[in-house]
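Enquirer: Spelled out from the first residue to the last, the chains are:
6 protein chains.
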Amino acid sequence: MKETDSLTCSDLRPARKAPQTAIGQVLIEALPYIRKFERKTFVIKYGGSAMKDLCLKNSFAQNVTLLRKVGINVVLVHGGGDAITKTAEKLGITSTFVHGKRVTDKEMISVVQMTLAGKVNQDIVQLISEHGGKAVGVTGLDADTIQAVPCRDAATLGLVGEIESINTAYIDLLCKAGLIPVIAPIGFDDDGNIYNINADDAASSIAIALKAEKLIYVSDVAGIQVGERILKTICKAEAADFIEQGIITGGMIPKVLSGFLTLDGGVRKIHIIDGKSVHSLLLEIFTHEGVGTQFISEQDDESNH
Amino acid sequence: MKETDSLTCSDLRPARKAPQTAIGQVLIEALPYIRKFERKTFVIKYGGSAMKDLCLKNSFAQNVTLLRKVGINVVLVHGGGDAITKTAEKLGITSTFVHGKRVTDKEMISVVQMTLAGKVNQDIVQLISEHGGKAVGVTGLDADTIQAVPCRDAATLGLVGEIESINTAYIDLLCKAGLIPVIAPIGFDDDGNIYNINADDAASSIAIALKAEKLIYVSDVAGIQVGERILKTICKAEAADFIEQGIITGGMIPKVLSGFLTLDGGVRKIHIIDGKSVHSLLLEIFTHEGVGTQFISEQDDESNH
Amino acid sequence: MKETDSLTCSDLRPARKAPQTAIGQVLIEALPYIRKFERKTFVIKYGGSAMKDLCLKNSFAQNVTLLRKVGINVVLVHGGGDAITKTAEKLGITSTFVHGKRVTDKEMISVVQMTLAGKVNQDIVQLISEHGGKAVGVTGLDADTIQAVPCRDAATLGLVGEIESINTAYIDLLCKAGLIPVIAPIGFDDDGNIYNINADDAASSIAIALKAEKLIYVSDVAGIQVGERILKTICKAEAADFIEQGIITGGMIPKVLSGFLTLDGGVRKIHIIDGKSVHSLLLEIFTHEGVGTQFISEQDDESNH
Amino acid sequence: MKETDSLTCSDLRPARKAPQTAIGQVLIEALPYIRKFERKTFVIKYGGSAMKDLCLKNSFAQNVTLLRKVGINVVLVHGGGDAITKTAEKLGITSTFVHGKRVTDKEMISVVQMTLAGKVNQDIVQLISEHGGKAVGVTGLDADTIQAVPCRDAATLGLVGEIESINTAYIDLLCKAGLIPVIAPIGFDDDGNIYNINADDAASSIAIALKAEKLIYVSDVAGIQVGERILKTICKAEAADFIEQGIITGGMIPKVLSGFLTLDGGVRKIHIIDGKSVHSLLLEIFTHEGVGTQFISEQDDESNH
Amino acid sequence: MKETDSLTCSDLRPARKAPQTAIGQVLIEALPYIRKFERKTFVIKYGGSAMKDLCLKNSFAQNVTLLRKVGINVVLVHGGGDAITKTAEKLGITSTFVHGKRVTDKEMISVVQMTLAGKVNQDIVQLISEHGGKAVGVTGLDADTIQAVPCRDAATLGLVGEIESINTAYIDLLCKAGLIPVIAPIGFDDDGNIYNINADDAASSIAIALKAEKLIYVSDVAGIQVGERILKTICKAEAADFIEQGIITGGMIPKVLSGFLTLDGGVRKIHIIDGKSVHSLLLEIFTHEGVGTQFISEQDDESNH
Amino acid sequence: MKETDSLTCSDLRPARKAPQTAIGQVLIEALPYIRKFERKTFVIKYGGSAMKDLCLKNSFAQNVTLLRKVGINVVLVHGGGDAITKTAEKLGITSTFVHGKRVTDKEMISVVQMTLAGKVNQDIVQLISEHGGKAVGVTGLDADTIQAVPCRDAATLGLVGEIESINTAYIDLLCKAGLIPVIAPIGFDDDGNIYNINADDAASSIAIALKAEKLIYVSDVAGIQVGERILKTICKAEAADFIEQGIITGGMIPKVLSGFLTLDGGVRKIHIIDGKSVHSLLLEIFTHEGVGTQFISEQDDESNH
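Those protein sequences? They're chains A, B, C, D, E and F, same order as listed.
Adding 194 to a residue's 1-based position in the first sequence gives its number in my numbering.
Adding 194 to a residue's 1-based position in the second sequence gives its number in my numbering.
Adding 194 to a residue's 1-based position in the third sequence gives its number in my numbering.
Adding 194 to a residue's 1-based position in the fourth sequence gives its number in my numbering.
Adding 194 to a residue's 1-based position in the fifth sequence gives its number in my numbering.
Adding 194 to a residue's 1-based position in the sixth sequence gives its number in my numbering.
Hints were generated in silico from the structure; no laboratory data involved.
Fair warning: there could be bad hints in the mix.
The list makes no distinction among identical chains, and a pair is therefore deemed to hold if it is satisfied within one copy or across any two copies.
Straight line, CA to CA, 27 Å or less: simulated DSS-like cross-link-like pairs of lysine-lysine [what the hints assert, rightly or not]:
#1 Lys251 x Lys300
#2 Lys284 x Lys313
#3 Lys430 x Lys449
Construct the complete structure from the given sequences, taking the supplied hints into account.
Expert: Structure, rendered in structure tokens:
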């Protein structure tokens with residue numbers, strides 16, 4: 195996290211003005227996207243430095259509020275693993291992980307609820323409010339929004355769930371009212387169990403259920419990297435090649451596969467952008483160039499971000 | 195709490211059937227209230243045994259769901275002092291009270307948020323869901339709903355707040371969509387402070403802001419008692435007399451005064467009903483007799499509950 | 195009519211109060227039906243003692259008004275054979291019946307119109323008005339509502355008709371406006387003839403045309419009786435058995451067959467209830483038990499009345 | 195009634211065609227009125243030969259249907275004194291009149307209801323139906339439309355009423371649905387009494403309550419006659435002069451006074467036209483000349499009929 | 195043009211009044227057409243004497259305004275060849291015609307635009323305004339309404355175009371707002387070329403695109419003449435016969451063929467009427483007889499004009 | 195016009211890209227204006243080099259189309275004096291000017307109509323169409339939009355008019371439909387006279403009548419110049435001072451006075467911007483800095499452009 199350490203709030207102060215012709219160009223480029231994306235839905239998975247560093251938090255909240263103000267339906271999904279571990283510690287409860295997933299018993303699910311729904315979620319709501327947006331905290335229990343089932347490794351992991359179905363009515367209601375739903379990925383089943391759900395997976399399921407225009411991952415991963423270069427665009431066939439050739443490796447493989455599954459589910463584009471860079475959200479959405487990697491089905495979709 | 199101790203879930207099983215003519219009478223009496231209260235708003239302060247005893251919780255959730263299903267806008271406001279104390283204890287934090295109010299510093303407000311918004315609130319949402327209703331957890335931060343200011347004793351009490359204004363748009367949106375808002379009384383101010391607010395006071399402010407038809411206190415107090423008798427109705431003048439004559443005394447005095455202030459604020463009726471009795475909510479609303487005490491402005495309003 | 199002779203208006207006075215728990219049960223049972231039946235259409239064939247006895251008339255009008263007030267579209271169809279015979283007598287005209295049907299010549303059809311549309315119908319309209327409902331007298335001529343053709347025995351019976359088609363637009367208009375259509379079963383054909391139509395048959399045709407939720411016969415027949423017992427529910431297969439076994443006999447056979455034809459026409463339930471019992475209409479609709487016999491297609495539809 | 199005796203149905207057959215230029219003129223003159231009167235309300239008091247002679251009845255029904263088809267809200271009010279007397283006779287009841295008004299006891303009001311609502315009204319509904327219009331019979335009892343009080347001479351006349359108030363909701367509903375209300379002037383009071391009301395008076399009250407554009411009297415009086423001439427227009431001041439000078443005399447005086455009272459009540463124009471002349475209704479409404487007498491407040495309103 | 199020479203404005207003054215019965219007949223005949231044609235679209239090709247003679251211009255504008263006022267969507271299409279030739283002359287440009295079509299180079303298309311769009315069109319707009327209508331000048335460029343391609347003889351004729359497609363949105367917008375579009379038949383293509391389009395062809399394409407009820411040619415041709423007689427109606431089969439038998443000949447043949455093509459395109463009727471006769475438009479539309487020739491598909495459509 | 199001579203179309207090609215942070219800043223600055231100006235009306239007076247130079251014409255059309263696409267109601271008003279003079283010349287008509295205003299007789303007004311409405315206006319419509327906008331040519335005669343009276347110097351100037359009233363219904367209709375009205379300032383009076391109206395004055399009257407948010411003058415005047423500097427903002431009091439002190443002089447004085455009159459008429463801001471600079475329209479509207487001079491009532495309105 196060296197990069198963000200050196201980042202100061204001065205980055206949010208006006209930069210040296212771009213010359214007028216350049217400003218004109220930026221506007222000519224950006225304005226058509228606004229009309230194009232009006233009333234479209236963007237699901238944003240919010241995590242990493244953008245959720246911790248004060249400057250980045252402010253930049254993110256400012257961007258999200260602007261997106262909502264120009265008529266885009268913005269839906270946030272957040273995790274909060276570190277915070278949960280800290281609360282558990284204070285309560286004298288040890289966190290155990292199997293394959294990176296938190297073992298979650300009855301006691302731990304209470305800690306998850308208290309921390310995610312009671313604190314992390316409300317902090318995001320408040321952050322957006324401070325930048326002039328109106329956000330609403332949502333858990334999967336509210337209006338029966340996220341119905342879950344135990345995950346495959348339930349024997350080991352306990353109350354870790356997978357999404358069975360999303361009831362979109364409540365999220366749609368909030369979007370139509372100009373509000374920003376901030377979703378803590380907690381689900382329920384008909385037997386009264388509460389489940390802890392992986393936030394990346396929840397974001398994907400929610401984007402599919404909402405027939406979202408975009409699913410945007412804001413994290414400390416700046417995009418799909420090939421050598422020195424961040425790919426601007428990646429299509430399904432290329433991804434398969436890169437994986438086969440050992441160019442995309444390790445933890446990035448499941449991320450890439452999941453992205454294309456979400457595309458197949460009907461979401462028009464998936465974006466991975468760098469949460470450590472100010473305004474990356476606006477730049478990805480309103481410039482032809484973009485700043486991260488977008489996933490598309492076919493190569494000829496590459497044009498506009 | 196002796197009364198509820200002896201209560202078993204059998205109270206929810208069908209009683210010996212009333213004879214047919216009597217059933218007809220009940221219906222003739224109840225049906226007109228349904229049309230009368232359609233699309234009216236009832237704010238219900240939920241607390242006491244009805245929030246702890248399993249049978250009473252189920253009966254309450256069943257009643258609330260029915261009220262919503264027959265078209266009444268139901269808004270719940272809850273407290274949760276005991277739960278907060280317990281969570282604080284587990285975290286090794288001591289709760290201090292001055293004149294019955296919790297001293298709330300930065301650390302404690304986090305405990306309040308986690309417990310009220312993260313756990314107590316979500317448990318009520320889930321309880322209603324199990325009875326077929328659709329509830330939504332709401333804190334004062336969501337959609338900027340509850341703007342607060344420090345209370346008078348802020349020097350001593352810290353982040354204990356009073357409601358400055360209620361932004362009703364979000365609550366109205368939820369009610370119009372047939373959802374049941376379940377409100378945790380947490381407020382915010384423009385400087386980014388979060389406040390712990392007394393639930394009774396919050397319920398009163400919310401009822402006034404929503405121009406509610408009724409504010410109903412469901413608690414372990416069965417109504418205004420005069421000698422052996424629970425008063426069916428009390429008007430302003432009577433209340434003044436009873437207080438002067440020492441018939442209403444002690445902790446009941448501020449409750450009564452607050453009730454009449456809420457009436458003056460434009461809420462049409464205030465009810466105090468016994469949460470320890472099953473179906474008390476339905477009986478108070480749909481029978482001429484009622485089961486608790488209703489506050490009215492003038493004696494001639496006494497007719498229909 | 196011995197039963198109703200002993201009935202006095204005291205039956206409409208409050209019975210000894212049912213105990214509170216029982217009242218709660220009645221409400222818990224009744225309220226869901228209200229939402230279920232909102233904006234649904236109930237066609238009620240009104241006849242027998244409930245149209246003659248003062249107490250029963252008042253009870254019926256009170257029930258009908260309540261049904262309308264809780265949002266049910268109520269459509270009444272009435273006959274009036276006795277009244278027609280009386281008017282005919284006063285005018286010195288003899289009534290002749292063949293197989294229970296009135297021989298109707300040009301002179302007699304005028305008597306039918308004057309008596310049914312001019313008097314019986316208007317008396318029902320007025321009765322409902324006195325109980326706070328808004329009813330509207332309707333004949334088949336109004337807005338071309340009932341198109342008729344001569345019945346099979348027209349050679350003998352003259353202007354006795356069968357319904358060819360129902361123009362539902364006018365009835366729908368009245369229902370949507372919260373009015374109660376009170377229909378006198380008089381039809382017309384394109385050659386300017388007016389027809390006298392059997393009220394039971396008219397009710398069935400009207401219920402089918404309106405895609406009614408229920409067709410309810412209020413008469414002096416309390417239901418389908420098997421031995422001592424009134425059947426709560428009867429399905430098609432059972433009815434066939436009972437008829438074959440000689441358990442259902444005589445005049446009841448055509449009634450039963452007609453009921454199942456109406457079911458086949460798309461009306462969801464047919465009810466036969468006892469007009470001699472006060473509030474039988476409310477009890478049949480708002481209790482699980484009911485008081486009469488309901489016709490259903492298959493045995494597994496039996497649940498809720 | 196000599197004039198109508200000689201009238202044959204040939205009058206409804208096409209006349210020798212007017213030459214083309216003349217036809218063009220008629221259209222140029224008529225078309226603007228159609229737009230002008232769209233969605234305006236015309237109350238038509240229907241009586242005299244136009245209600246008895248077959249040709250005139252057909253011509254009237256054809257005209258009324260056309261008015262409705264071009265978008266005018268047509269409301270008919272009819273009497274039926276002769277028919278009532280005949281029915282009473284057949285029932286062996288003697289009709290007694292005091293100052294031209296029928297003495298009406300309980301028995302007689304039943305005769306009035308049966309004859310007016312059951313027969314005369316339904317005959318008009320059927321007549322209009324045969325010409326392609328959709329009419330609906332209405333009495334003052336339907337939807338509580340006409341609330342009445344006893345007239346001043348109630349001691350002598352019995353159940354002869356005056357209109358206390360008109361509930362216009364039902365009439366408006368019918369007009370908006372494109373239906374033609376045909377109103378029998380029978381009223382009710384809160385004590386359950388039914389009243390016989392003078393049809394001319396009812397038409398005037400109904401026109402005022404509906405804020406009608408026109409009240410048109412179709413009867414055997416062709417207009418206000420001064421010497422040989424039928425006045426095309428009469429204003430208030432002229433009427434006063436004519437009465438003072440003895441030019442308007444006898445039974446015409448109350449008619450004229452009542453017309454101006456109706457004007458004062460807010461109806462824009464009153465017309466008296468000759469029911470014995472075919473198409474007089476269309477000619478009065480769609481030509482500059484008109485055929486009868488129109489009542490206007492001030493002389494400068496005289497232009498367009 | 196002898197006929198119109200002798201025509202004076204007195205023809206617009208009221209003719210000797212038709213007798214009242216005849217007026218009634220005219221109305222009885224005309225009124226149903228008004229309802230029938232309400233919100234239907236009539237495309238009128240305006241040309242010939244009706245566009246030059248002052249009296250005929252006024253009569254035409256009066257008729258068109260009336261049609262619009264009674265709720266018909268009137269769309270005018272006009273040519274203006276003579277005016278273009280005159281302007282060209284003044285600018286010292288010679289007009290050349292090949293097979294009756296104007297050779298149109300870049301310079302000439304400017305003359306066409308200036309004359310048609312700038313003058314002829316605006317004169318019609320003003321003429322209608324003077325008679326109380328609200329007209330709007332439209333060229334094919336406005337809102338991209340008429341997309342054109344070069345005509346077959348483009349090599350010889352230059353910028354003479356044929357209609358490729360009509361964008362009806364703007365015309366529909368104007369009609370719904372009660373305005374009268376007055377269309378100058380000028381089209382454009384995607385390469386920035388402007389085309390001169392034959393007005394008769396434009397009228398046909400526009401009528402088809404608008405799914406018009408009628409296309410009416412107002413010109414100096416009074417209809418299809420067979421011997422002395424103007425045919426009232428002509429169907430497809432008859433037309434084929436007449437052409438084969440040499441009864442319809444010369445320049446009338448393409449007109450007739452084009453008329454039936456327009457019918458096939460979905461326009462319900464084509465009318466050719468005499469622009470030299472006052473009110474011919476109203477007479478054709480609002481009388482059974484009509485004054486010109488109507489084209490129908492099958493003989494049994496002949497009834498009402 | 196030296197400046198524009200040196201301008202080449204390369205100015206429309208992308209400039210060297212601004213660095214990303216700067217792009218982010220431009221967006222952060224611009225986006226809020228979009229929501230702010232949605233459905234607001236901007237009247238743009240179009241003239242000078244921006245109407246002649248090909249690059250500037252394209253830039254202007256691109257900007258105008260973008261403004262419309264982001265939801266702003268754009269209304270253009272144009273003049274065309276040079277073109278009129280040229281057409282007149284070709285027709286052998288001499289143009290005479292008094293105090294800079296064209297002497298306009300009957301012949302000249304025809305030249306004005308043909309040139310402005312027939313050619314200049316249609317060229318602008320076509321230009322916008324080529325950039326993807328939908329424009330509609332409008333003259334004051336269309337839908338009776340501009341009612342005029344003779345100007346004060348009518349004795350000398352002839353048919354030069356002043357605007358008496360604007361009928362905004364048609365312009366509003368076009369704006370609501372997403373179309374861009376392009377208005378040629380030609381008016382009419384009730385006597386059938388057509389008037390030539392000064393385009394600046396027309397723009398001002400139209401902006402006031404439409405209650406426009408902005409009136410923007412695009413011409414070769416870059417703003418109010420004080421010494422070397424273009425004023426960013428000028429308020430009423432300052433303007434008075436500058437005129438008194440001789441800083442604003444000559445032809446600029448009436449422009450400034452007219453601007454403040456338009457402000458007083460209810461238009462929120464007046465802008466003068468440099469038509470010779472590409473994208474000046476977008477820069478003025480979507481940046482805090484702006485590029486021209488804005489007129490405001492009071493100094494404290496200065497903030498956002």
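Enquirer: At 27 Å max between alpha carbons, let me know whether Lys284 reaches Lys313 within a copy, between copies, both or neither.
Expert: both (15 Å within a copy, 17 Å between copies)
Enquirer: Classify it for me, Lys251 with Lys300: is the Cα-Cα distance of at most 27 Å met within a copy, between copies, both or neither?
Expert: Intra 32 Å, inter 21 Å, cutoff 27 Å: inter-copy only.
Enquirer: Measure nothing new, just compare the shortest in-copy and cross-copy C-alpha distances for Lys430 and Lys449 to 27 Å and report within, between, both or neither.
Expert: This pair counts as within: shortest intra-copy Cα distance 13 Å, inter-copy 60 Å.
The structure is consistent with each of the numbered hints, conforming to all of them.
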